[in-house]
Structure formats: structure tokens, C-alpha cells
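Going down the list, the protein sequences come from chains A and B.
Each residue of the first sequence is one higher than the one before, starting from 1 at the first, in this note's numbering.
Each residue of the second sequence is one higher than the one before, starting from 1 at the first, in this note's numbering.
By construction, these hints were calculated from the structure, which means they are not laboratory data.
Keep in mind that a hint or two might mislead.
Here are the simulated lysine-lysine pairs, DSBU-like style, with alpha carbons at most 30 Å apart [as the list claims (entries may be wrong)]:
| hint | chain 1 | residue 1 | chain 2 | residue 2 |
| --- | --- | --- | --- | --- |
| 1 | A | 38 | A | 118 |
| 2 | A | 118 | B | 30 |
| 3 | B | 5 | B | 30 |
| 4 | B | 30 | B | 99 |
| 5 | A | 118 | A | 129 |
| 6 | A | 38 | A | 71 |
| 7 | A | 71 | A | 118 |
| 8 | B | 99 | B | 5 |
| 9 | B | 30 | A | 172 |
| 10 | A | 71 | B | 30 |
| 11 | A | 172 | A | 129 |
| 12 | A | 38 | A | 26 |
| 13 | A | 26 | A | 172 |
| 14 | A | 282 | B | 99 |
| 15 | B | 5 | A | 282 |
| 16 | B | 99 | A | 71 |
| 17 | A | 321 | A | 129 |
| 18 | A | 321 | A | 38 |
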Amino acid sequence: MNHRAEPMLADPLTTPLEALDVSDPKRFEYDCWQPLFKRLREESPVHFQAESPAGPFWSITRFDDIVEVEKNTEIFSSEPTIAIVDPPPERRSRMFIAMDQPEHDVQRRAVQPVVAPKNLQEFESLIRKRTGEALDALPEGETFDWVELVSRNLTTQMLATLFDFPWDIRHKLSDWSDAVTSDERMTAGQGLTQEDRLEIVMEILEVFTRLWHERVGDDVESFDLIRLMQRDENTANMVDDPMNYIGNLMLLIVGGNDTTRNSMSGGVLFLNDFPEEFARVKADRSLIPSMVSEIIRFQTPLSHMRRTVTRDTEFRGQHMKAGDKVILWYCSANRDESVIPEAETFQIDRSGVRNHAAFGFGIHRCMGNRLAEMQLRVVWEEALKRFSDIRMVEPPTRLCHNFVRGFSRMPVQVTRY
Amino acid sequence: MPVIKFIEFDGTEHEVDADAGMSVMEVAMKYDVPGIDADCGGGAVCGTCHCFVEESAGPLPAVDPQEESMLGLRPDREGNSRLSCQLQVSDSIGDMTVKLPEFQM
Numbered sequence: 001m002n003h004r005a006e007p008m009l010a011d012p013l014t015t016p017l018e019a020l021d022v023s024d025p026k027r028f029e030y031d032c033w034q035p036l037f038k039r040l041r042e043e044s045p046v047h048f049q050a051e052s053p054a055g056p057f058w059s060i061t062r063f064d065d066i067v068e069v070e071k072n073t074e075i076f077s078s079e080p081t082i083a084i085v086d087p088p089p090e091r092r093s094r095m096f097i098a099m100d101q102p103e104h105d106v107q108r109r110a111v112q113p114v115v116a117p118k119n120l121q122e123f124e125s126l127i128r129k130r131t132g133e134a135l136d137a138l139p140e141g142e143t144f145d146w147v148e149l150v151s152r153n154l155t156t157q158m159l160a161t162l163f164d165f166p167w168d169i170r171h172k173l174s175d176w177s178d179a180v181t182s183d184e185r186m187t188a189g190q191g192l193t194q195e196d197r198l199e200i201v202m203e204i205l206e207v208f209t210r211l212w213h214e215r216v217g218d219d220v221e222s223f224d225l226i227r228l229m230q231r232d233e234n235t236a237n238m239v240d241d242p243m244n245y246i247g248n249l250m251l252l253i254v255g256g257n258d259t260t261r262n263s264m265s266g267g268v269l270f271l272n273d274f275p276e277e278f279a280r281v282k283a284d285r286s287l288i289p290s291m292v293s294e295i296i297r298f299q300t301p302l303s304h305m306r307r308t309v310t311r312d313t314e315f316r317g318q319h320m321k322a323g324d325k326v327i328l329w330y331c332s333a334n335r336d337e338s339v340i341p342e343a344e345t346f347q348i349d350r351s352g353v354r355n356h357a358a359f360g361f362g363i364h365r366c367m368g369n370r371l372a373e374m375q376l377r378v379v380w381e382e383a384l385k386r387f388s389d390i391r392m393v394e395p396p397t398r399l400c401h402n403f404v405r406g407f408s409r410m411p412v413q414v415t416r417y
Numbered sequence: 001m002p003v004i005k006f007i008e009f010d011g012t013e014h015e016v017d018a019d020a021g022m023s024v025m026e027v028a029m030k031y032d033v034p035g036i037d038a039d040c041g042g043g044a045v046c047g048t049c050h051c052f053v054e055e056s057a058g059p060l061p062a063v064d065p066q067e068e069s070m071l072g073l074r075p076d077r078e079g080n081s082r083l084s085c086q087l088q089v090s091d092s093i094g095d096m097t098v099k100l101p102e103f104q105m
């Protein structure tokens, strides 16, 4: 599908590198980020930018360098936060993605069981049933928005299940997730202000505090996140530390929400852009698991993660100072042809398909990765049973965002067998 | 050439001749032994090649800090847990019996 070029953006190949804003979310909105990052990988793989809406930062763009940084948690800390923008200290919530060892490990271990493969097996038939219902409800012969009716719908249902959240207000989960990631400094001024976001954070805290008190000590057999926290001695008092409680809740709401949602949408785009791959998976559905990994790589639903340097250090000949911000551009790693041959093409059964950067590396590697894969696999299994075609009728609308890579609208028509 | 016996979680056994210089993970992938995912391709940065070394003829190399930090997050970690990508087949380790976990995550 043809993507609009944005004539107002500086030419990424001829403009001096020091004059380019690597963090510009408009390049993601117009899907024209690839040449800039390719140039960085080749000419300046550890690249310092002195000014940006989020202040000065380093960009790491090569796959192997990103792995190296993520292994070194002592020098490249995940504190105070893991996205390019710095929240002011009084509004910082505490989540284990933004903690170092040993505290990170204690919290992650307590929360991990909610997405352990054994638990996922319990969820799968419920997910499949709901997926089937959502797909059966899609109109035929008319254009609808896949983002709303499929991606957002199904991932919201999944999240509500993970939290045992009141079903009738489950839409709040995806609304909250979107609100929290819509910092105006990552979206070129669009979206909510920090004040708006604070109000929403307060609502989230109020609802989840109530849920905690309602169910603490009950002996309902459930693997939902809140009960898991309550029943592990390390996190049994989490509600008494509201910023930590909110932090971990938001981590799972955000981490489990728009990432999967945007990969669910992305798959439709890629199969339309690469119709030979669509034909292959329709003819051989054993390719679905491999296709899911390739979808996640190609979408890279979070474009970056950020680390903060703890002491002066040298990396690949560049001198970094304590306090420097280091951005690991996962989107670039996933197009790094020194590691992934023909990385710019969508190949559903490429060799080493699971070896991509979208989930990160090391102790912070995405905890929900199997849950995401399972949801995507089930969507494609159920969709390919029902539809001979899933056609994008016009280019999707992409988010203007330098952290979340996704779609706000994807007009689609389906044809049933 | 050392022999590695892989035992899947359900008890299915696979006995293979392992090439010296390959990691235990690479041997499993080469012989299509189910139960090891090896998402990161052998860099000790994903934890999905987790295994339990039931027996080895000779001593295993020590667990280094990177491997330890990944093993420490496995919910099913045991005393004999290793990342199979960090174990190189060699005559000094010799024959091995390796059990595989129910799941990788």
C-alpha cells in the first residue's frame, strides 16, 4: 500500500545528521522513518543529538549494539523511566520495567505467573470463543474499521480477563492505556496534557484500589493479576504503596494493550502489502505461528526503549556521561540487515523468525510475549477459517507517536467463504 | 563424540550424537528436539533455552552473571537449571542427560 510522503520533513539522506531530529514522531506517522535509521546504522550507530523536545539523547540503532546495552544493566539503568520523555519526579509512578535489580526481579517474579504459558492454556479457549464471536459479527460487503471492531475490541477483552475487571466497564482499560501513553512530548503536541493524564491516573488508582479491597482474602480460584499480587508475600501489601501499585497496573495495562492491538492491525496491512505471503498462509495455516513472529518484528509496536547512564562510560568509541539518556531504537534493530537478511521485506517463514528485537533483550524482555503471540495466532487461525479475503480499502491512519507505533484507523472489507 | 540424551517434559527421549563446539541448544535445534525455543539465537538474553542438567560425565562450567540473571527469572528454576545456549558440548563435559521444561517463556 502506498504511503504518503511528508514534504515538510527534512530529507533524511542529504540533511547533515546533526540537523535531524531522530525522535520526530511525524516520520512514524508518515511511515518514512526507515531511511533515516538505515543511515544512522551505517554512518553514526551511536549518535548524539543535542536538542529535541525531550532534551539531548543518544540513539543506538544497530541490533547487536542494542543487545549489548540491554545486557549491561549496571551502566545502562532502567531508572527513572524507559521512554524518551522524563516525567517530573512528583508524577513518577513506579513500575518494574523502570527498576533495576534486585527490586525489579522481586516484582517481576510476583507478577509473571499471570502470563505463564500454563495460565495461557487456561485462557486460550475463552480467547478463541470471543475471537470467533467478534469475527462473526463483522459486516460483509461494507467497509469497517479493523482497529475498532477487531484489534481494540479483542485486546480490551483480554486485558479485562487478566485483571478480572468488571466486564461492563472494560472499555476503560484501553481508554486508560491510550491516555497514559499520549504524552504531548511524544506526539508532536497532539493528545493529552500532563494535567489530563494525572486526572486519569487518579481515576485508575481509585478503581483498582476499590477492586483490591473488594477481593482481598477471598478464596476465589483465579489467576488474575490482582489476586496474584495479593497472594504473593512480596507484593501482598502493594495497595499500601499507591505509586507502585499503579505503576505495575499501568505497566500491564499498557504493555498488554496497544502493543498487541497494533500488531493485530499491522498483520492486515502487511498481508495486503505482500499478497504472495497472504496466499501462502491461506494455503498452509501451519505457517501462522511463524507469521505471528514476523508480524511482531515488522510492526515493532514499541519503537524504542530508553536507558539512563549511571556513570561515565565509553561505548563503541563514544564517550557517554552519567545521566545521559540512551534510546534503543527497536524499530531500527528490526530492519538491521547485518542480522536480518532482507529485513525490509515481510517473509512469514524466514529463518530465525523469532530472533527479533520487538520484545527487547535481557532481564526486561517482554514478560507478556507468549500472551501476545497466542492472541495473534488465534486471531489469524479464526480469521483464515472464515475469510477468503481481508482487504484494506485505503491506507490506514498511523499514530503520530515516537514510542507507540500503531494505527488509529484501518478501513477494511472482508469476504467470507 | 559425546552423546546427549534429551528428555521432554512428557518423558519422550531423544538420544543424539553431539558435535563438539556446538552448544546444547544448537544440538537440540539441529535434531528438532521439541521444548527449546532459543528465541535470541544463543546470546543468553531471552531465557527460552532453559533446561535441567540431570547428569553429565564431567563438570559443567560455572554460571556467569548474565546467565544467572536470566535463570533467576525462570518460574520453574531448579538447582540444576542452565541456559542450554551457554553449555558447549566438549569431551571434558562428555555425555549428558538434559531434561526440558514444560514451557519456555
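Cross-check of the supplied hints:
1. With a CA separation close to 40 Å, the supplied pair residue 38 of chain A and residue 118 of chain A exceeds the 30 Å bound.
2. This hinted pair checks out: residue 118 of chain A and residue 30 of chain B have alpha carbons roughly 27 Å apart, not beyond 30 Å.
3. In summary, the hint linking residue 5 of chain B to residue 30 of chain B is supported, as the alpha carbons are separated by about 14 Å, within the 30 Å threshold.
4. A threshold of 30 Å between alpha carbons decides the hint, and for residue 30 of chain B with residue 99 of chain B the separation of about 17 Å falls inside it, so the pair holds.
5. At most 30 Å may separate the alpha-carbon atoms for a hinted pair to count; residue 118 of chain A and residue 129 of chain A meet this at roughly 19 Å.
6. Annotation: proposed proximity of residue 38 of chain A to residue 71 of chain A holds, straight-line Cα distance about 23 Å (limit 30 Å).
7. Pair hint residue 71 of chain A plus residue 118 of chain A holds up; C-alpha atoms about 28 Å apart against a cutoff of 30 Å.
8. Restraint check for residue 99 of chain B and residue 5 of chain B: satisfied, since their Cα atoms lie roughly 8 Å apart, inside the 30 Å limit.
9. Only pairs whose Cα atoms come within 30 Å are accepted, and residue 30 of chain B paired with residue 172 of chain A is rejected, the gap being roughly 47 Å.
10. Among the hinted pairs, residue 71 of chain A with residue 30 of chain B is consistent with the structure: their alpha-carbon atoms are about 27 Å apart, no more than 30 Å.
11. Taking the CA atoms of residue 172 of chain A and residue 129 of chain A, the gap is about 22 Å. The hint holds against a cut of 30 Å.
12. For a cut-off of 30 Å, the pair hint linking residue 38 of chain A to residue 26 of chain A stands: about 17 Å separates their Cα positions.
13. A hinted pair counts as satisfied when its Cα atoms are at most 30 Å apart, and residue 26 of chain A with residue 172 of chain A qualifies at roughly 28 Å.
14. Proximity of residue 282 of chain A to residue 99 of chain B is assessed by CA-CA distance (about 36 Å); at most 30 Å being required, the pair is judged violated.
15. Pair hint residue 5 of chain B plus residue 282 of chain A does not hold up; C-alpha atoms about 38 Å apart against a cutoff of 30 Å.
16. With a CA separation close to 27 Å, the supplied pair residue 99 of chain B and residue 71 of chain A stays within the 30 Å bound.
17. Note on residue 321 of chain A and residue 129 of chain A: the hinted pairing is violated, with a Cα-Cα distance of about 53 Å set against a maximum of 30 Å.
18. With a C-alpha separation of about 26 Å, the suggested pairing of residue 321 of chain A with residue 38 of chain A holds against the 30 Å cut-off.
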